[in-house]
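Please build the complex by placing chain A on the supplied structure of chain X, with the hints as guidance.
The residues making up each chain are set out below.
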Amino acid sequence: MRPRLELALQRGIAYALAPLTVPAVVAVLRLGFRYRIEGLREVRRAYAAIRRENGAPLLLCANHLTLIDSFLIGWALGSPWFYLIHFSSLAWNLPERMNFATTFTRRVAAYIFKCLPIQRGGPRGEATQVMQRFASLLARGEVGLVFPEGGRSRTGRVDPEAAAYGVGRMLRSLPGCRVLCVYMRGEGQDDWSDFPARGDRFRVSLRWVEPKTDHPGLRGSLEIAKQIVGCLADMEQRYFDGR
Amino acid sequence: MSQQEVFERVVKILTPYVKNHGALDGVAMGTHILDDLKVNSARLVDVVLEFEDAFDIEIADDDVDTVQTVGDAVTLIEGKIS
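Chains as they are written, first to last, in our numbering: chain X, 2 to 244; chain A, 211 to 292.
Note that these hints are calculated values from the structure, not bench results. Beta carbons: idealized from backbone N, C-alpha and C, even for Gly. You may find that some hints are simply not true.
Said to hold, decoys possible - Pair ranges (Cβ atoms, derived):
id, chain 1, residue 1, chain 2, residue 2, range
1, A, I291, X, T106, 43 to 53 Å
2, X, A57, A, Q213, 43 to 53 Å
3, X, T103, A, T225, 33 to 43 Å
4, A, N250, X, N100, 12 to 22 Å
5, X, P176, A, G240, 32 to 42 Å
6, A, H231, X, E43, 45 to 55 Å
7, A, G289, X, E127, 18 to 28 Å
Chain X on its own, in the form it takes in the complex:
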């Protein structure tokens, strides 16, 4: 099947199931794990305004501390109702295949939650293909979410040196793509982990970044990625300054 058709089918199935899946995830996060997000209404209002502004490609770049960050960010940025009406605003993800697509059940879950699993350190051509699919979705008005450090922050803090050049490469292939940095951290999150502590309370901040480079090729892609991660590191500093 052609990639574009495959993605359209995946989106259609995800959308058809969204009235069940999206509220279910929110219920698990809110009632099961008892997570809370500070200033939830303001964050959602800001994201809704961003989505209304224009149809330019939008890439969310976030810090990464736990396995469920993409779910938490999705919950923070929009209500289930919002996503049911504006399904394109529910971000596509690029989860590590080893974490999310090793069993049939996980593969199904990844599929219906708008994920394109990618194997870090796997065959370069395959990773490039996934990134191209991801970029094509953004070009068609879908939102994407990536973790530009390329994995969870192993020191518990954003590491500007850990920038994965792939995000820079993708952005260079998408002229006009806007980049919104999302910094999210639970009060009890001192280090990286699989899950945040039960009952944790999260703070979320958003900031635009316009990465630029004069360098061509790989060096340019890496510089773009480093500017984005640098922005996240600065947001983190503000988070701790304000604590």
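The following block gives chain A in isolation, referenced to the frame of chain X:
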């Protein structure tokens, strides 16, 4: 610059990133950089940037995907410097 010279410089650049030092003893054109030398895939970008500096060439994003073996790197670099 001969192919052998390029090969030797490529191996020298790779050496600090190699985790499987035993594989360096028998390194050849067909040696796989990630699988045999166990270079961390995330560091491959740094390796390629060092190729750019060492040989004063520019390597496009797409070219990075073609580099899997030491020989791939040598061929790519030879093509750029010729």
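TODO: Would you pick out the hints that fail for this structure and give their numbers low to high?
DONE: Of the numbered hints, all hold.
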